[in-house]
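A.B. asks: Each chain, written out:
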Amino acid sequence: MLRVHDLNAWYGPSHVLQGVGFEVGVGEIVCLIGRNGAGKTTTLKAVMGLIARRGGRVLLAGEDILARPAHARFARGLAYVPEERRIVPGLTVGENLRLGLIATRRFGDAGREIAAMATLFPRLGERLDQIAVTLSGGEQQMLAIARAMIAGPRMIMLDEPSEGIMPALVDEMFALFARMKQSGTTILLVEQNVERALEIADRAYILDQGVIVHEGRARALLQDAAIKERYCSV
Amino acid sequence: MAGLSLDLLALQIFTGLALGAVYVLLATGMSLIFGMLTVVNFAHGAFFALGAYAGFLVLALGGNFWLALLAVPIVTGLLGMAVEWGLVRHLYGRGIDDPLLLTFGLSYVLVELIRIFAGTQGLPFDTPDALAGAVDIGIGYFPLYRLFVIAMTVTILFLLWLFLERTRIGLIIRAGARDPEIMRVLGVDTGRVWRLVFGLGTAIAGLAGLLAAPLQGVSPEMGNAILADAFVVTVVGGMGSLAGAIIAGLLVGVIVSLTALFAPEAGDVAIFALMAVVLLIRPQGFFGRAGLMS
Ligand SMILES: Nc1ncnc2c1ncn2[C@@H]1O[C@H](COP(=O)(O)OP(=O)(O)OP(=O)(O)O)[C@@H](O)[C@H]1O
Ligand SMILES: [Mg+2]
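These protein sequence lines are chains A and B, in that order.
Each residue of the first sequence is one higher than the one before, counting from 1 in this note's numbering.
Each residue of the second sequence is one higher than the one before, counting from 1 in this note's numbering.
Just so you know, these hints were derived from the structure itself, not from any lab.
Ideal Cβ placement from N, Cα and C applies to all residues, glycine included.
Treat each hint with caution, since some may be false.
Unchecked claim - Quick list of simulated restraints, FRET-style, between CB atoms:
1) A:Ala75 x B:Gly170: 18 to 28 Å
2) B:Leu8 x A:Ile131: 45 to 55 Å
3) B:Trp66 x A:Ile131: 39 to 49 Å
4) B:Ile116 x A:Ile131: 45 to 55 Å
5) A:Glu83 x B:Gly170: 24 to 34 Å
Chain B extracted, bound-state conformation (with noise of 0.2 Å):
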């Protein structure tokens, strides 16, 4: 460990904050689908694999990045529209158990159907010309493609935001998380905001499938692991809860790089390590409600 220095060291800190905000895209997505609609989504990372694949299939029809970027929340919003229409809504008021259980079979379905369709095995998938390379940031030289990474995370979080806060169907949500039967007596048909919700999760989720595809390239199960991960930052920052989707995505993306760093062969387990320290000193998460679950 000698001879580490502090650049080094912020620098890792830096890729941490990289792969984090792929974390915070993920558990964004599936807070707030649980926050609303209480169902903990297995199959984000179907979607978010499917979000990498649908990149893949623009770029292949010779479409860009930049065309991806557009059409890959869409694809994946839609499907998650549909998901939710035929599947998850007849679940509704059932507990947590059966969509927990019907998610989680979809996941495998999805990603079957990956495998049958793009083949079992990882495609490379390219850095775009215009985000290769790398920058000085005054710690030291950093992927380019990584800063973007970040970048974007900021933004789909700050237009998030503004969708939350400063519109109707925002306010519609915010009120509907908290009692969805006031807003069924004040006229809200809120069967199809749920819908809305599912697929504006399944949308970030597969973006930030796409966004990871250049730092990972593309395989059916490339969201299997992402989704344990994601789980974890899920329950630390408090399940339905978006600050704690963020905070906690960044801290579990710091955590994983700087083990990677420091003790590769911990990496797996430090972050269950974190989540079993967090549920027993704060069982509801960093932001949760408490009992939530129950």
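Isolated chain A, as found in the complex (with noise of 0.2 Å):
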């Protein structure tokens, strides 16, 4: 599904992404992890197409998409959600996931799929109407993750979905994760909570410093206290 080779990105004279390269399968739950400032949010969005200065290939189902604005890869149905969620303000939750449809043909029923996501995040379905930021953190993790989700991509990228949400929450998502990969969704998952996040990936991979330094099974990582401890300490 995709293909990324020697990625590198800088911020200004920053040289933060040093040839990175990686692939997701389709179908698959792949996990990247590594500390922070490691570089994982900027591999996610040079993938998006969100950094300015970036060279390599990104290929997406086969396409190099490098050169492409961030708008035509979501027409190529790949889908971000980003470290803060960015629910729009002044909007409602309605509205909001309005949003993940504006730019498809499905916008003119927008009402009916609205009402198919909110059987599967009923918390959002009780709060159409709300203005989407007073919503709780984990609420408004969900919704980024419905607005994301609503018009169907081909693969998703979530940047660190469980951070700040209680318990409770982690769980529900953990377990919406395993059944978007049972239809067919192939997820890139970036994570600091690293015990769930290989529970539930099939492979995973390690950056740090802006190089992947590692990787593997999800279930080989799990065991393996020793790499966890050098790369994954926060």
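Dock chain to chain to rebuild the complex, using the hints, since each chain is given by itself in its own frame.
C.D. replies: Here it is as structure tokens:
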């Protein structure tokens, strides 16, 4: 589904990604882990086309999309839930969900699509007319995920979805990822909650100081205390 | 001042509202453009003048005022989109100064172009026959055309509100003004939306110019003075706020009209004094978000 070769990214003069390479197969959950400042967010942003200065190759279903603008990547079935969630202030929960369909032909049917999402996310369904930024942190994260999923992407990238969320909702969220995988969505997951993430992932990559330093099956990494100690302590 | 009747005062306030309506339209367009693009459009006055001249041209070619009402916003809107595409968009992300200087220079070029093609002299612009004369509005006779200007402004604002609140593109504009990056992630080509918003702003400016033409005639410089006033309106109302543009526009119109009656010599100073007071008490204006310019 996604193949990244020799991805480089800069913020001004600082060379943050220095040749990152990884792959996400169709239907897989792949986890990208690493310390604070390792470059995880930058990797997702570069894949989504939100970093001005970048180089390398990003193949989505075989097509090199690196030079394309972000909105063209969405059109090719790539969704992204940023770390800060980016719920649009001033708009209701329902309007934020509509934004997920705004660039699609199904916008005219938004009412029905939102009703379908509301059964999947009952907490949101009960609050469609509420101003979205007044939701709790966990509910906002659910809204950000629902907004990214409503258009039916082939692949979704999630940046630390469980950050700052109460445990009960975290359980709900990881159960949701497992269901998304079952229904055929490919997932690239960045998480600090390493244990939980590795439990549902197929494979994982460890990023450190802008390069991939390790890759392996999630099950194997889960048991490798030394690696976890070295790269995942916060 | 003695002998001033309450009716005269009320009439003068009404006159101020008609003048304010023109300010409201100009400031609405400027606010829309600033709110979404963070561009202070100093060429807005030139589009106002272009609208009036485009209307003049429609009449000269045998069209009528109603046709001009339709054609002018299309012409100035498309021109605005061309300007955004050719010039303004290259300066996005460079802060507030560069687009400001660009549009400032552009306003001189546009006004000069008007002078070259239409002459430096002002031209008369007749009130359309159907709207000539005055009607009794209870407090006295009031020019019908001014009532029409107020009614048109209300209509345009209502249509704009419907567009922003009830349409797909309106939702994109409202959301994009808050967070353009997430809109790109959700598949929106924000560059096209910005072009549309710029064109919408200049279309309304052109329409305002056409509506103002029968009140004051047309001249190449007609946009310069009114731009300064409209700028006061956007600052007082709050940059980027449509509600602010409406309330401040009407307020400034009434103040200009009343100072013209009571203290003509203070006419030009009054609204700048208002702006200074508002900036001292509430730097972001009535409805502006604090820190927008920083
Ligand atoms: N906008 C920016 N401008 C300059 N430097 C940045 C910017 N964003 C991130 N960086 C730097 O780039 C490096 C990688 O940051 P990034 O946000 O990708 O890390 P991360 O792995 O997502 O960290 P975290 O776990 O804290 O979210 C860090 O050193 C960070 O300071
Ligand atoms: Mg991060």
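A.B. asks: Each of the hints needs a verdict: does it hold here or not?
C.D. replies: Taking the hints in turn, this is what the structure says about them:
{"no.": "1", "hint": "A:Ala75 x B:Gly170: 18 to 28 Å", "result": "holds, 22 Å"}
{"no.": "2", "hint": "B:Leu8 x A:Ile131: 45 to 55 Å", "result": "holds, 47 Å"}
{"no.": "3", "hint": "B:Trp66 x A:Ile131: 39 to 49 Å", "result": "holds, 42 Å"}
{"no.": "4", "hint": "B:Ile116 x A:Ile131: 45 to 55 Å", "result": "holds, 52 Å"}
{"no.": "5", "hint": "A:Glu83 x B:Gly170: 24 to 34 Å", "result": "holds, 29 Å"}
When the structure is compared with the earlier hints, no violation turns up for any of them.
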